[in-house]
Structure formats: structure tokens, C-alpha cells
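Chains X and Z supply the protein sequences, listed in that same order. Per this note's numbering, the first sequence runs over residues 383 to 611. Per this note's numbering, the second sequence runs over residues 511 to 701.
Simulated from the structure, these hints should not be mistaken for laboratory data. The structure presented is a predicted model; accordingly, all values stated were derived computationally and were not measured. The reader is advised that the hints may include incorrect statements.
With a straight-line Cα cutoff of 30 Å, these simulated DSS-like cross-link-like pairs (lysine-lysine) come out [said to hold, decoys possible]:
#1 X/Lys421 <-> Z/Lys536
#2 Z/Lys664 <-> X/Lys521
#3 X/Lys418 <-> Z/Lys664
#4 X/Lys418 <-> Z/Lys530
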Amino acid sequence: MGSYLKGFKITFGKLFKGTESGRMVTVPYVKDSGPKRHKPERLHGRHVLNRYEDGMEKCIGCELCAGVCPARCIYVRGADNPPDEPVSPGERFGFIYEINYLRCIHCDLCVEACPTEAITESKLFEFSFTNRQDAIYTKAELVVDDDGLPQQLPWEDWSDLDKVAAQSSAWVRATAPSGNARYEGVVAWSGELGFGVKPPEVGQSEPEAEPTAPLEGNADAPEPSSGHD
Amino acid sequence: MQWDVSKGLEGLDHNFITGKLEDVVKWARRMSVMPATFGLACCAIEMMGTGGAHYDISRFGMETFRASPRQADLMIVAGRVSQKMAPVLRQIYDQMMEPKWVISMGVCASSGGMFNNYAIVQGVDQIVPVDVYAPGCPPGPETLIHAINTLHEKIRDGELTRRRPGTGLGISVEQRDGQPEPQAVSLSARN
Numbered sequence: 383m384g385s386y387l388k389g390f391k392i393t394f395g396k397l398f399k400g401t402e403s404g405r406m407v408t409v410p411y412v413k414d415s416g417p418k419r420h421k422p423e424r425l426h427g428r429h430v431l432n433r434y435e436d437g438m439e440k441c442i443g444c445e446l447c448a449g450v451c452p453a454r455c456i457y458v459r460g461a462d463n464p465p466d467e468p469v470s471p472g473e474r475f476g477f478i479y480e481i482n483y484l485r486c487i488h489c490d491l492c493v494e495a496c497p498t499e500a501i502t503e504s505k506l507f508e509f510s511f512t513n514r515q516d517a518i519y520t521k522a523e524l525v526v527d528d529d530g531l532p533q534q535l536p537w538e539d540w541s542d543l544d545k546v547a548a549q550s551s552a553w554v555r556a557t558a559p560s561g562n563a564r565y566e567g568v569v570a571w572s573g574e575l576g577f578g579v580k581p582p583e584v585g586q587s588e589p590e591a592e593p594t595a596p597l598e599g600n601a602d603a604p605e606p607s608s609g610h611d
Numbered sequence: 511m512q513w514d515v516s517k518g519l520e521g522l523d524h525n526f527i528t529g530k531l532e533d534v535v536k537w538a539r540r541m542s543v544m545p546a547t548f549g550l551a552c553c554a555i556e557m558m559g560t561g562g563a564h565y566d567i568s569r570f571g572m573e574t575f576r577a578s579p580r581q582a583d584l585m586i587v588a589g590r591v592s593q594k595m596a597p598v599l600r601q602i603y604d605q606m607m608e609p610k611w612v613i614s615m616g617v618c619a620s621s622g623g624m625f626n627n628y629a630i631v632q633g634v635d636q637i638v639p640v641d642v643y644a645p646g647c648p649p650g651p652e653t654l655i656h657a658i659n660t661l662h663e664k665i666r667d668g669e670l671t672r673r674r675p676g677t678g679l680g681i682s683v684e685q686r687d688g689q690p691e692p693q694a695v696s697l698s699a700r701n
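Work the whole structure out from these sequences, hints included.
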């Protein structure tokens, strides 16, 4: 009998104590409030279409993201820029840009394929829809607003926006856009509206403050640029 | 106050008493949505994770996943639904007691996801009426909790006696070879 109660003593002792680290195990997350879990630097969430620092859109309508998408969830159509009021600095711009979030598997291949770092993934994944129309995001919903922040739609939970807003292009900031690991720590990407040129992600193995110099004389090495021309 | 008794509660106009009663009923429904487990693929792992201590859907009165559809109010379709599984899923749904709701968890259940082929049902809403879609591959526990909270709002704002009149027909199928249109099963006709 004594050992029987002794077992319960542990159970009820733990009931109000929390864990050994002294805090509650449960993350009491509820929609639109409540703490969220820590989001890793390279978490894949809802996409954003970035803009240059002067407000121009980065998307040039090349449809590479649509071509690489394994779930076929992206639909892009490019169009020639109107000469008097260009949308993007290039020749063409993304005229239609739609992502179906009931197909997207957040694999980030579109981000890797994008030649202008136009599409990146934010850290938002707390969202749900009550009909299928809401799930198809058009360009009007994907493009960042005039502050460079992602648009906050009513069915999305952006309660940690101030924490995750700056983390919307993590893959690009890991290495150079070409994906060469030797470029770790070297800035070779263009600035973003609202954030400027984002600093490179700190390497996991060598947290050196000194970035390694780009490889001199390498023909394959792209010239690091700080923005579009 | 006119009350057509033959229509049951539906024939009752709202007044002070019934309005409050409706709120109580909706509150009770919202706070005890017992889910039937329908884990079919990797999304089920995240669904189990939502039931675990870290995310703990007992906070929403969802205590445990019911093994029997008779005891369940909510079917969380987690994972890809193959064509062979579709009649089973429909039967489970039919065995659940009214009022019942469906969350389509993950992109495979919602639209087939990246499995755009002949083996997978391209969206579980062709079989059962879906209330909330949770995107993601798989959706994290927070996405599922967001979907559950969205469903709670839907229960709170929705109709008390009959939900979604005229829905439940699934998507329409266009016949191009002159065949008659397939007749969808109407859920509202059985009420």
C-alpha cells in the first residue's frame, strides 16, 4: 500500500510543478494570440514577392518557379513592361502570379530557381481557409506592401510579425544565389524594400565575423552586386 | 411569437430566450469537438503531435481522438486519400452523428497536393463536405490548431440546426462526352 501511494506521490507532485526546467511543457498556442514556437532561420512558410528598395517589383515573369514546382501550384504569366510606368526594372514583369496553397508543399524550389530573388518564403504557416478561393493567392496578396512587410490577410496569424518579418529570405542569405557554399558570408544579393541589403546568415560551423573573400580569378564566380542597375 | 412546431427548433424565431439558448448550445458544441482519427499518411504524425503534451488539444475540449465514429464530431482527414479509401472515408463520415464537421488537413487531403495522379482523390471535398482546409505539407501542430480555432469560430457564427444548406455536393464534374452528369449525394436531403 505504501509503495502504491508512493507512485501517486510522484504523479501528483509533477502535476503542479512543471518540468525540470521549471516551465510548462505545453505551448499554449491559440489563433491570433498566444506564444508561438521558435521559428528556425530557414523555415518554409507562406511566400512573399519581394520588391527592390525603390519599390519596383523583383519578379520578371520568367516562369522558372512555375516550371520547377513539383506540385504545379504556381501559375505565372509575364508581360512586357509598360515603358512609361514600368513595374519591374527588367524588360518584362510578372503580370499574373498565383500560388495555390492547397497544392504548395513549401519545398522552396521556387526560391532556389528564382534568378532575381523575387519569391522568398516568409515564416508564416499558421493559416487555414474555409473555402478554396481563399487558398489561391494572387499577386495582389503575395507582393509585399510599401514597408516591405508581408501582407496580413484575415485568415493568417501574424501575431509575431515583428519577430519574423525580417526573416523572409533565409535561403538566399545562407549562400550566394548560385548556391555555392564557398560564398557563405558573402553578400551577393540585392536589397529589399524596407530592409535594405540583408546581412548574410551566420554559418553554423564557423561563426566567424570575417567573411571569406570571394574566389579571385574564378570564371564561374558571379560578381557580387548590391542591387539592380 | 409564431412557432411552427413541425419544423422543430428551426421554426423558432430568435428572441431573448432562444438567442441565449442558441449561444449555450453553440458554446457547448464548440468546447467539446471530439475528433475521429482519420490519419492516412504523414500528416497523421503531426496530428498525433497536436494531441501530445506540447500542443495539447485537450485545451480545446478535444481530449482524445475517438476510435469510434459514433462518438466523434469532427473528422480530421490527415493525409492523402486514395481512390480505394474514398468509400471507406465516406462511410465513416456517414456513421458520425450530427452535428459533424470535417477538417481537411494538409495539401494532399485538400487537393491531392503533389500527387496529381489517378490513384489519389484530388481533394477530399469531392467525398465529404469540408469545413476548414489546413494548408501545409504537412501542416504543423500550430496550423492544425489554427484550423481548429477557425472551425470554432465557424461553429459559433454558423447556423444552429442545419449547417450549410445546399452544400455537400462536392465539386461539379463536367461531362464532355455526352454522358449524363453524375448525381451527387445531397447531405441536406437526408435531414
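Against the structure, the hints:
1. X/Lys421 <-> Z/Lys536: violated (35 Å)
2. Z/Lys664 <-> X/Lys521: holds (28 Å)
3. X/Lys418 <-> Z/Lys664: Satisfied, since the Cα-Cα distance of roughly 23 Å is no more than 30 Å.
4. X/Lys418 <-> Z/Lys530: violated (34 Å)
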